[in-house]
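Number of protein chains: 2
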Amino acid sequence: MTAGTNQNLSAARPTFVTHLECSMTGERYEADTLHGLSRAGRPLLVRYDLDAVKANLPRRMLETRPTDMWRWRELLPVRGAENIVSLGEIETPLIPIPKSAGSANVLVKDEGRLPTGSFKARGLVMAVAMAKELGVTRIAMPTNGNAGAALAAYASRVGIETIVFCPEDTPEVNVREIAMQGARVWRVNGLIDDCGAIVAKGAAEGRWFDFSTLKEPYRIEGKKTMGLELAAQLGWTLPDAIFYPTGGGTGLIGMWKAFDELERIGWIGPERPRMYAVQASGCAPIVRAFEAGEEHAERWEDAHTVAAGIRVPRAVGDFLILRAVRESGGKAVGVGDPAILKAVEDCSKKDGLLLCPEGGATLAAYREALRTGEVDEDERVVLFNCATGLKYPMPAAPQVLDRHAPIDFDAL
Amino acid sequence: MTAGTNQNLSAARPTFVTHLECSMTGERYEADTLHGLSRAGRPLLVRYDLDAVKANLPRRMLETRPTDMWRWRELLPVRGAENIVSLGEIETPLIPIPKSAGSANVLVKDEGRLPTGSFKARGLVMAVAMAKELGVTRIAMPTNGNAGAALAAYASRVGIETIVFCPEDTPEVNVREIAMQGARVWRVNGLIDDCGAIVAKGAAEGRWFDFSTLKEPYRIEGKKTMGLELAAQLGWTLPDAIFYPTGGGTGLIGMWKAFDELERIGWIGPERPRMYAVQASGCAPIVRAFEAGEEHAERWEDAHTVAAGIRVPRAVGDFLILRAVRESGGKAVGVGDPAILKAVEDCSKKDGLLLCPEGGATLAAYREALRTGEVDEDERVVLFNCATGLKYPMPAAPQVLDRHAPIDFDAL
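Just so you know, the sequences run in chain order E and D.
Read left to right, the first sequence gives residues 1146 to 1557 (the working numbering).
Read left to right, the second sequence gives residues 1146 to 1557 (the working numbering).
Please note that the accuracy of each hint is not assured.
Repeated chains share a single entry, so a pair holds when one copy, or any two copies, can fit it.
Pairs of lysine to aspartate or glutamate, EDC-like flavour, derived with a Cα cap of 16 Å [unchecked claim]: (1) Lys1199 with Glu1313; (2) Lys1495 with Glu1408; (3) Lys1199 with Asp1491; (4) Lys1495 with Glu1306; (5) Lys1346 with Asp1547; (6) Lys1244 with Glu1490; (7) Lys1199 with Asp1405; (8) Lys1495 with Glu1439; (9) Lys1346 with Asp1555; (10) Lys1346 with Asp1553; (11) Lys1346 with Asp1213; (12) Lys1244 with Glu1219; (13) Lys1476 with Glu1436; (14) Lys1487 with Glu1440; (15) Lys1487 with Asp1338; (16) Lys1487 with Glu1172; (17) Lys1244 with Asp1314; (18) Lys1476 with Glu1513.
Calculated from the structure, these hints are not laboratory results.
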């Protein structure tokens, strides 16, 4: 299908959003109005009339549509097709990595194939479409890199102005990408929550709308499509376990919501995967809270890891992550940088798939879980590679050959 | 579909390859045997029993399959499903770029979404699968970057050893990627054809199999799927014009072959797009030969351009490129580096799509063709973005903000 003829992007759509509600208190908020956090300072969740979705969307109808993420429109918040902003949000492939995982039953969902090379595109395409629908003209965001690039690309496409703040040590490729995609971007001497404080201040002064993780209600609806897609790809079953790289945790929360919605429209049963929230040992607030039995996670001081995308000291949706992990019978687990780098190298050299460090973290966590017996080799497991590995430093280097000198072919 | 349940990857397949033939002389060669160039020193083309394909593959059967490139198996050379090596060869999306193209009818086929981030994956996945089928254990290749990465990834995955030679000024990200994907890689003081000479010498000594562009017969069969896919995506019609970044020209030759095969199985009519072979002004051997009315193109001396992928001074398939361009009523056109860089910047900042320089060259060529009246604004045009823009230098840079100092929000 072309973008021009893809019915997913152009068909008038019945929409089923009834309201939004506070993820902590359950307080109701009106749909079709601009919202940030709830009055309790917590994320808002979008609610649908799922009985009506069930009545109006036979599964066989969904199955005839092109497989990009707009096939799920009855479970998404965008009401007007004219507000869709698309850069080709394809269904991402599931790729076995038998050699580096040590099991033929491990599949990597390669989110690096999405626009701007990361799963951030799922959340941001939805949030930008809703921003357009609700009349927003200026957006600001703190980012470790990939979210900023996705925001910039989609917002530029629809003519919304964007201002992005990154931690000072964000890799050059990420900040340049954000600038190339048309945003104004600033390096800030601090971490992502320090950048978030600047965004919050500007938002309080009415200078822009705050697009921080979970501070607007629609990124989670976009990220939710990871769960919807996985169910469709696995023939309306779910894997035994999911390993998810967890910074702000939007995707984990979103998938958990997706599974619930799919069950309520009758497309899957009550079975759920064990959800493993994977963090880096150098920044593991959710792991610490999980192990301590806490409902909320305190800020992690002195955060450091090669996996910048999960270097998130404090997550506004902490309690939602912890709740999903516990309900699922999973765990929050930390992995060290050496294990992350080794996983990236093994998967690239043995299975031909170059993961990002955060994707490498999920493989490292899986290998550790396999070693301890937390997972069995015959369990079906999905690891999320959240971005293309091409954006990250690669240690392997070439040698040099002088073609004018005699070549020792035996030594090549 | 998972890789595990995707029938495209696992179904026993009737195959229809009858023989190979010399693209220059028509001399027949046996299938199922390892071949390089023909005795005339020209590329070999794979031939199929297209009447049998027509009888055995109703179009509606194809349309029910998952859309990855293995859906086309009756028109591909791999006979045994066990030889398929897959990293998720998805159907690449078509993305409108109305602002930077100046027309709503221009679609970019974004090949950067393929494994290893470029269209080279199409050719190499097929060539490696055939190498496996035919028992090859050691492969060498000259590359400007992306082909080497694709070869390394697929070959590593199936345990075939690879040795790759790059021009000395190949970007660091490309050579590191090749090394990360498990190949042994060397920088050589010269251009791609100088690297090719080393590969040819080693191949003549029996040290490895030569995987240079068009020197083995199967990369073109993989690249052909660009044409097959385009027809399917456009509802079994073809665009009015295709702008294709042309180095070795495998894709252009492949698409031309694909259109012919589709017509012969009755899925499209005799209409063809005008094929525009886009080169850089600093390395334009095909353009020079086209304008001079020659059948072959002489080596271009002192080649230079920011678009390294099309810095190919001499193409072994020159006469096939020129033949397709002329039969189609298209042209070979050169564009300068400033126009290429401006096209990349405009498309990224206005339409949210970050092209590679070679993709930028197609946009630059289209804009020039629109200006001169060579194409009309209402013609449906497809540009090929052959790789993700993330691998290339990005000029835009961020500014720095001190969070401890007072922030002048008005100046952000």
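Cross-check of the supplied hints:
1. Lys1199 with Glu1313: This pair counts as neither: shortest intra-copy Cα distance 48 Å, inter-copy 60 Å.
2. Lys1495 with Glu1408: neither (38 Å within a copy, 41 Å between copies)
3. Lys1199 with Asp1491: neither (44 Å within a copy, 44 Å between copies)
4. Lys1495 with Glu1306: between (43 Å within a copy, 11 Å between copies)
5. Lys1346 with Asp1547: This pair counts as between: shortest inter-copy Cα distance 15 Å, intra-copy 58 Å.
6. Lys1244 with Glu1490: Classified as within; 12 Å inside a copy, 40 Å across copies.
7. Lys1199 with Asp1405: within (13 Å within a copy, 45 Å between copies)
8. Lys1495 with Glu1439: neither (40 Å within a copy, 46 Å between copies)
9. Lys1346 with Asp1555: between (64 Å within a copy, 13 Å between copies)
10. Lys1346 with Asp1553: Between copies only: 12 Å across chains, 64 Å inside a chain, cut-off 16 Å.
11. Lys1346 with Asp1213: This pair counts as neither: shortest intra-copy Cα distance 37 Å, inter-copy 47 Å.
12. Lys1244 with Glu1219: This pair counts as neither: shortest intra-copy Cα distance 39 Å, inter-copy 30 Å.
13. Lys1476 with Glu1436: within (9 Å within a copy, 66 Å between copies)
14. Lys1487 with Glu1440: Classified as neither; 33 Å inside a copy, 52 Å across copies.
15. Lys1487 with Asp1338: neither (29 Å within a copy, 36 Å between copies)
16. Lys1487 with Glu1172: neither (46 Å within a copy, 50 Å between copies)
17. Lys1244 with Asp1314: Intra 34 Å, inter 33 Å, cutoff 16 Å: neither.
18. Lys1476 with Glu1513: Within one copy only: 13 Å inside a chain, 57 Å across chains, cut-off 16 Å.
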